[in-house]
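Each chain is listed here by its residues.
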Amino acid sequence: MKFADFIQTGAIQADLQATTKEGVIQELVQSLLDAGQIDAEQREDIVGAIMKREELGSTGIGRGVAVPHTKHPSVQKLVGTVGVSDAGVDFDSLDGERVQLFFLLISPPERPGDHLRALENISRQLRDETFCRFLKQSKTADDVQQLLQEADDNQFVSG
Amino acid sequence: MSNAPSNRMVTVRNPQGLHLRPADMLVRLAVRFESTLKICKDGQWVDCNSILSLLTLGATQGTELEVSACGSDAEEALAAVVELFEAGFHEMNEIEDAANPVVDR
Numbered sequence: 001m002k003f004a005d006f007i008q009t010g011a012i013q014a015d016l017q018a019t020t021k022e023g024v025i026q027e028l029v030q031s032l033l034d035a036g037q038i039d040a041e042q043r044e045d046i047v048g049a050i051m052k053r054e055e056l057g058s059t060g061i062g063r064g065v066a067v068p069h070t071k072h073p074s075v076q077k078l079v080g081t082v083g084v085s086d087a088g089v090d091f092d093s094l095d096g097e098r099v100q101l102f103f104l105l106i107s108p109p110e111r112p113g114d115h116l117r118a119l120e121n122i123s124r125q126l127r128d129e130t131f132c133r134f135l136k137q138s139k140t141a142d143d144v145q146q147l148l149q150e151a152d153d154n155q156f157v158s159g
Numbered sequence: 001m002s003n004a005p006s007n008r009m010v011t012v013r014n015p016q017g018l019h020l021r022p023a024d025m026l027v028r029l030a031v032r033f034e035s036t037l038k039i040c041k042d043g044q045w046v047d048c049n050s051i052l053s054l055l056t057l058g059a060t061q062g063t064e065l066e067v068s069a070c071g072s073d074a075e076e077a078l079a080a081v082v083e084l085f086e087a088g089f090h091e092m093n094e095i096e097d098a099a100n101p102v103v104d105r
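Keeping their order, the protein sequence lines are chains A and B. Counting from 1, one number per residue, gives the positions in the first sequence under my numbering. Counting from 1, one number per residue, gives the positions in the second sequence under my numbering.
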């Protein structure tokens, strides 16, 4: 699975304003709503489900990266977006570091395989420090989009 | 005290596969042991103490993985890993993540 298969270009947020965990999640879910990827009446339910998942254990997986996510019956396919926070946000990460890079994922309940393949793609690409650093330095959604495209074209990862 | 690595085969039993929470559980388990734990899928070996690495396996339900432990407590470490896989990471009856929280040990 490639980024282009699940990241909604129109929902990328290269300059997150939120300074809290819930704020970031609200901002990214709103961006998916603005991009027409989720229903307005589902927004609060989706935010609540993602927050509930965070209570089970932070999705801040280290290296300044978090993957907040949930399953939700209102989506027909896996939808995701990317957010970049210049200052970083306290996300209760496993390594205690502030999070600058967010990959928010919403998947249909009956498609665990797609969620796994998205995680596989994200983790494989992020192991490349250059890709990780460039993403964190992105200033515009176009910058992020271009980096994701380059990653999809295997310009960062050898294997 | 043997320094030769011990190996065991495990199967991913839980429907959600080796997603983030199971990967987190494996890392937390791995740090409890002195031994170095590694997991292999299709010839690709990754360290059990890195969530990012574990997620790159993309191991779905039914996937067979090889686990290797090397160190003074290798057998105990392997047994613990096997138990975690056998228990389906304690989410075998889960229908919806958010509705049925799994309580970590």
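Please note: incorrect hints may appear among the correct ones.
[Said to hold, decoys possible] Now the in silico label distances, taken between C-beta atoms and shown as ranges:
#1 B:Asp-73 / A:Lys-2: 36 to 44 Å
#2 B:Arg-32 / A:Glu-41: 32 to 40 Å
#3 A:Thr-19 / B:Ser-6: 43 to 51 Å
#4 A:Glu-129 / B:Met-9: 27 to 35 Å
[Stated by the list, open to error] Calculated cross-link-like contacts (lysine to any residue; reagent style SDA-like; alpha-carbon spacing at most 20 Å):
#5 A:Lys-52 / B:Asn-93
#6 B:Lys-38 / A:Glu-120
#7 B:Lys-41 / A:Arg-127
#8 A:Lys-52 / A:Ala-14
If you are wondering where the hints come from, they were derived from the structure by calculation, not from laboratory data. Here a beta-carbon is modelled for each residue, glycine too, at the ideal position from N, C-alpha and C.
Taking the hints in turn, this is what the structure says about them:
1. For the pair Asp-73 of chain B and Lys-2 of chain A, the beta carbons lie near 41 Å from each other, so the given range of 36 to 44 Å is met.
2. Remark: the range hint 32 to 40 Å for Arg-32 of chain B to Glu-41 of chain A is contradicted by a beta-carbon distance near 45 Å.
3. Remark: the range hint 43 to 51 Å for Thr-19 of chain A to Ser-6 of chain B is upheld by a beta-carbon distance near 47 Å.
4. Distance hint for Glu-129 of chain A and Met-9 of chain B: a CB-CB separation of about 33 Å, consistent with the stated range 27 to 35 Å.
5. Restraint check: the Cα-Cα separation between Lys-52 of chain A and Asn-93 of chain B comes to about 18 Å, which is no more than 20 Å; the hinted pair holds.
6. Distance restraint check for Lys-38 of chain B and Glu-120 of chain A: the Cα-Cα separation of roughly 17 Å lies within the 20 Å cut-off, and the hinted pair is therefore satisfied.
7. For a cut-off of 20 Å, the pair hint linking Lys-41 of chain B to Arg-127 of chain A stands: about 18 Å separates their Cα positions.
8. Of the supplied pair hints, the one linking Lys-52 of chain A and Ala-14 of chain A is violated, its CA atoms being roughly 25 Å apart against a limit of 20 Å.
In summary, the structure is inconsistent with hints 2, 8 from the numbered list given earlier, while agreeing with the others.
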